[in-house]
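**Student:** Sequence:
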Amino acid sequence: MITPAFELSQDPDFLTIIIEVPYARASEFDLYFEGEDFKFYSKPYFLRLTLPGRIVEDGREKASYNADKRTLTIRLPKESPGQYFEGLDMVTSLLAPKKSRSAKHLVEEIGASAALSEEEEEEEFEWEIEQTPYEETAESFPPLQYCYGFGNLRSGVFQRLQDELSDVVDIKDPDKTPVCERRKKRLAAEAAKFDPDHYLADSFEDEAIQHVLKYKPWWVEAHEKMTALQGKSHHKHDSNTLVVFTEEEKEQLRRFTNKSYLLDKRSRHHVYLSLIDILLAYCYDICVNEGDQNVESSWNVRKLSATLCWLECFYDIHDVLVCFGRRVLCYPLHRHFDLVTRALNDTVMILQLGRAAVLKCLLDIHKIFRESDPAYLLNDLFITDYCVWIQKTKSKKLAALSESLQKTTLAKSHLGFELEELEAAARLVQEEERQLKAAAAVSRQQLPSSESETSDSEESSSTSSETEGSDSDEQESSAGEDGKINSSQGVLQEEGTAPLIDCNGLRQDANTSMVEVSNEKSKASLQSTSVPGKLIEELEKQMHTAISLSEQPKELAAASCFVLREQENHVSEPDKYSEVSTGKGNFLEVPSKTNPLLFLCSTNEDED
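Going by the numbering used here, the sequence shown opens with residue 249, and the numbers climb by one from there.
Hints are all accurate, no fakes.
Dumping the calculated DSS-like pairs for lysine-lysine here, alpha-carbon to alpha-carbon at most 30 Å:
1) K551 / K424
2) K473 / K640
3) K473 / K498
4) K424 / K441
5) K420 / K441
If you're looking for bench data, these hints aren't it; they were derived computationally from the structure.
Could you put the whole structure together from the sequences, leaning on the hints where they help?
**Tutor:** This is the structure:
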């Protein structure tokens, strides 16, 4: 038999059931309804519902078939007109057989102290009661296997699936690790993971974070509608007008197996607090991804929830908020305290919307984990049981939980990371950098003025130097003209500076060490001055003497030099024909002809 897709709605007088039967014959429908029971059969479909209120058969009931949509619509009158049927969207609970609801009472009748009566379910729960950590003992669990999962009802799972679950949770060997040890290890891991630089960077450069904080998920709009309709009683509690389930979500609800959970008061308290922890992590992921789930969504939800990642058990609401705040500032990409506050406000709105909104969020988490390997194992440990259990939870319990959560305050100082001190130090650094930048700007403004003054002074000095240079140029030009006029007169008047011929055949004057005169120059000078032939012959004799002296040993050098100097004292005319240019010595080369050649070199004394 196939359970068909269906949808329930209501007005003050009637309950409407819409059933989709695409493969049924319209002429073969069987209906049965009485009190809280409703049954439908049309091959191959069968539907049995246990309604939250009573209906009656009084002739006003009506059924119609839409051939285009292949749906059957049934309108059934309420036994008490105006009565509100709560939980019409809790599909799994509606599909449960009526006898399963008496399971708690049957267990209670045989004396099971863990079972809860309806009276216990209806009592007010004090959320602010002081809690003491639960210490597990060896007597409670003889094999030393500690419990975890939904309501701490599971144990031994990690021994069978150690390889798979090691990639899902951070705690190692949870079957043998008590709750107090899990908490110590979790706090140590968070302290080692916290990065002050990452936190400060996200706090002071938060453009991306401020952008995602502007995103409004679906529950914001639903909460605004609920607030606007609070004055209308028949819309105030009608979750169908505020929260709508998709067809995929309805199909998933039909697949769940209905269960009854026997939880004592302490276990129920842990379940509610763990629900807050899971919803906080989910709201963070929805906010930072702006409603678009990605491959990181599974990691975000399970990593930020200590319930899922460390199998943590909480003892009060403030403990849940502190744990979530620490993990937000340690693990995800965006680590900002405003994201913690935003997730807290979103969780309050979800709880105020009622169990339909909570169930829709849990179904979304179930889908995220179902599509992630191996995070799907967390569905078996937590999320599936939460989806079934929340459908049977009283709405006033969730309202009381949301009120207590809204009253709980969380400050940065509660997280234990010295965030306020870090931010104060960072602000001081920013102030110092701002002052340095201001001083640099002032210095840059003053620099152009000083440069302009310097350029003005340089221009004035260059102007004066140009003036002086022009005067000196004029003086030099006039002096040059005078020198040209007098140069011809001073050619033959330099007898006092006549060069000397030393012992090595070198001619030396007061300013030069060696002078070289080429053959062409000597001819030109002799021809230009019309030197007599007698003088040429005398110079040729001196040249032969100098050559012979260069071949003499060093002992005779001094005597030869003395003889040459004596001979040179009697000759003044040759000095007039020797050229001395620019204070440099010129060597006289001996050609193959019989021209006079003169070799000049410095003596040993001159070289020293």
